[in-house]
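Take the given structure of chain A and dock chain B to it, following the hints.
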Amino acid sequence: MSSADRGQLHIPHDVALFLAILIASSMVVASATWVYLNPRPVEKFFALGLLGENMMAEHYYPGDDPRIKPGDLVKWHVTLYNHMGSVQYVAVRAKLLNQTTPPPDDLNHTASSVQCFKEIGHVLVDNETWVFPFYWSIDNVSWSGEPARIAALKVNNVTITQGLNTTAWGGYNFRIVLELWSYGNETTGFQFGWRSGEEIRSAWVQIWFNLTLPTQV
Amino acid sequence: MASRSALLLALILILVMAQMAESSSMGPRAMDASRQEAEAAIAAAEASSEQAFLQIQVADHEGGNVTALAARFNEGLELVDSARVFVYEGLLDRAVTSAESAQALFKAVESEAQVLQTQAAADASTRRTVVILAAPLAAVLITVFSYILIRLWQRGRIERTMEMEIEEAGTQ
Numbered sequence: 527m528s529s530a531d532r533g534q535l536h537i538p539h540d541v542a543l544f545l546a547i548l549i550a551s552s553m554v555v556a557s558a559t560w561v562y563l564n565p566r567p568v569e570k571f572f573a574l575g576l577l578g579e580n581m582m583a584e585h586y587y588p589g590d591d592p593r594i595k596p597g598d599l600v601k602w603h604v605t606l607y608n609h610m611g612s613v614q615y616v617a618v619r620a621k622l623l624n625q626t627t628p629p630p631d632d633l634n635h636t637a638s639s640v641q642c643f644k645e646i647g648h649v650l651v652d653n654e655t656w657v658f659p660f661y662w663s664i665d666n667v668s669w670s671g672e673p674a675r676i677a678a679l680k681v682n683n684v685t686i687t688q689g690l691n692t693t694a695w696g697g698y699n700f701r702i703v704l705e706l707w708s709y710g711n712e713t714t715g716f717q718f719g720w721r722s723g724e725e726i727r728s729a730w731v732q733i734w735f736n737l738t739l740p741t742q743v
Numbered sequence: 003m004a005s006r007s008a009l010l011l012a013l014i015l016i017l018v019m020a021q022m023a024e025s026s027s028m029g030p031r032a033m034d035a036s037r038q039e040a041e042a043a044i045a046a047a048e049a050s051s052e053q054a055f056l057q058i059q060v061a062d063h064e065g066g067n068v069t070a071l072a073a074r075f076n077e078g079l080e081l082v083d084s085a086r087v088f089v090y091e092g093l094l095d096r097a098v099t100s101a102e103s104a105q106a107l108f109k110a111v112e113s114e115a116q117v118l119q120t121q122a123a124a125d126a127s128t129r130r131t132v133v134i135l136a137a138p139l140a141a142v143l144i145t146v147f148s149y150i151l152i153r154l155w156q157r158g159r160i161e162r163t164m165e166m167e168i169e170e171a172g173t174q
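These protein sequence lines are chains A and B, in that order.
My numbering applies: residue 527 is where the first sequence begins, and numbers increase by one.
My numbering applies: residue 3 is where the second sequence begins, and numbers increase by one.
Extracted from the complex, chain A is given alone in its bound form (with noise of 0.2 Å):
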């Protein structure tokens, strides 16, 4: 066959080949837009972590000793994950609880009835890592016969002496819980834990410590 001949040859156009492909083109692209469109929904949930004095998971007392004499700096990270697919207002409350108090509970998802003696809150936008020092040491101890109450605080280099109403037998089994409360709206206010879909859900950390005097050490 010449060249000629090729350049002349004729291949009629195949209208159902045309229709085939446009409609799995259709479909293809069609499907991608709605995709694009309408993102899947993402599971919705915060973490809340506790991190020690070098941001890691270790030495969250003075010397790796959870004897806590009052003057002793406690250095903690707190570490916040937001992956709840919008910005969100949240409010970290700390509270002092010992043994015997109740904590949060996990399964009716209800707060410590514990007043707290401190709250920090942020807002935090899609998928962002907050993370902020929790810095305390005990300031002033009032210690009259077994029962030790913590009357002062210095958290982050401001001291506090309100919510600070729990005692421990001999200073012992004190803890420092941090609850995780968020945002619902004007209506509802600040709410412990959040709702991811028809669930509600919590988060809340603790760390245990006894106190001493210098003298007990």
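Just so you know, the hints here were simulated from the structure itself, not pulled from any lab data.
Where a beta carbon is used, it is the ideal one built from N, C-alpha and C, also for glycine.
All clues given are correct.
Here chain A is said to cover these stretches of chain B; the calculated rule only asks that three of the stretch's residues, wherever they fall, bring their Cβ under 8 Å from a Cβ of chain A:
1) 73-81
2) 131-142
Per label pair, the in silico range of CB-to-CB distance:
3) A:Pro592 to B:Arg130: 55 to 61 Å
4) B:Gln53 to A:Phe658: 23 to 29 Å
5) B:Ala42 to A:Pro628: 33 to 39 Å
6) B:His63 to A:Gln717: 16 to 22 Å
7) B:Ile150 to A:Met553: 18 to 24 Å
8) A:Gln717 to B:Gln53: 17 to 23 Å
9) A:Thr713 to B:Asn76: 20 to 26 Å
10) B:Gly92 to A:Trp669: 26 to 32 Å
11) A:Leu633 to B:Gln116: 40 to 46 Å
12) B:Arg129 to A:Arg721: 25 to 31 Å
13) B:Arg129 to A:Val657: 31 to 37 Å
14) A:Thr713 to B:Ala46: 17 to 23 Å
15) A:Phe544 to B:Ile168: 30 to 36 Å
16) A:Pro565 to B:Asn76: 23 to 29 Å
Sample of chain A residues facing chain B (criterion: CB under 7 Å; computed from the structure):
17) Ser552
18) Gly647
19) Val651
For chain B alone, kept in the frame of chain A given last:
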């Protein structure tokens, strides 16, 4: 004369005591008013913060980038926090100043969030329209491109077939 002096002295004494009583009762009242003022300023700032956050939430929902607004909002929260500390320390004037600064910041954030909402809604609408209009065009382009490729492949196959020559099988 002596009774008149005694009367005058008594009058002066009464006046001084009344003045003292008034100043002693005014002292705490003035202090209370200032504390109340500081607490009212903090409460007003907190109310503004809620409104500002709701506007940020709407802007975020519309697809706007709220990172800068969130950062400024957090600055406002820090101001409210420091106002509370000032109240605790008895620095009421500084508490009022901090709370008022926070409130001004929240109001600015609120109005900027409203602007962002409008902008983000318009952007989102444009984006949706472009995507919806571009989809059929993309489908047609893909179809034409695919059809041309298939036709070229078919043409090549036919040409290769036509170039074939019949050869007599050789004998070994």
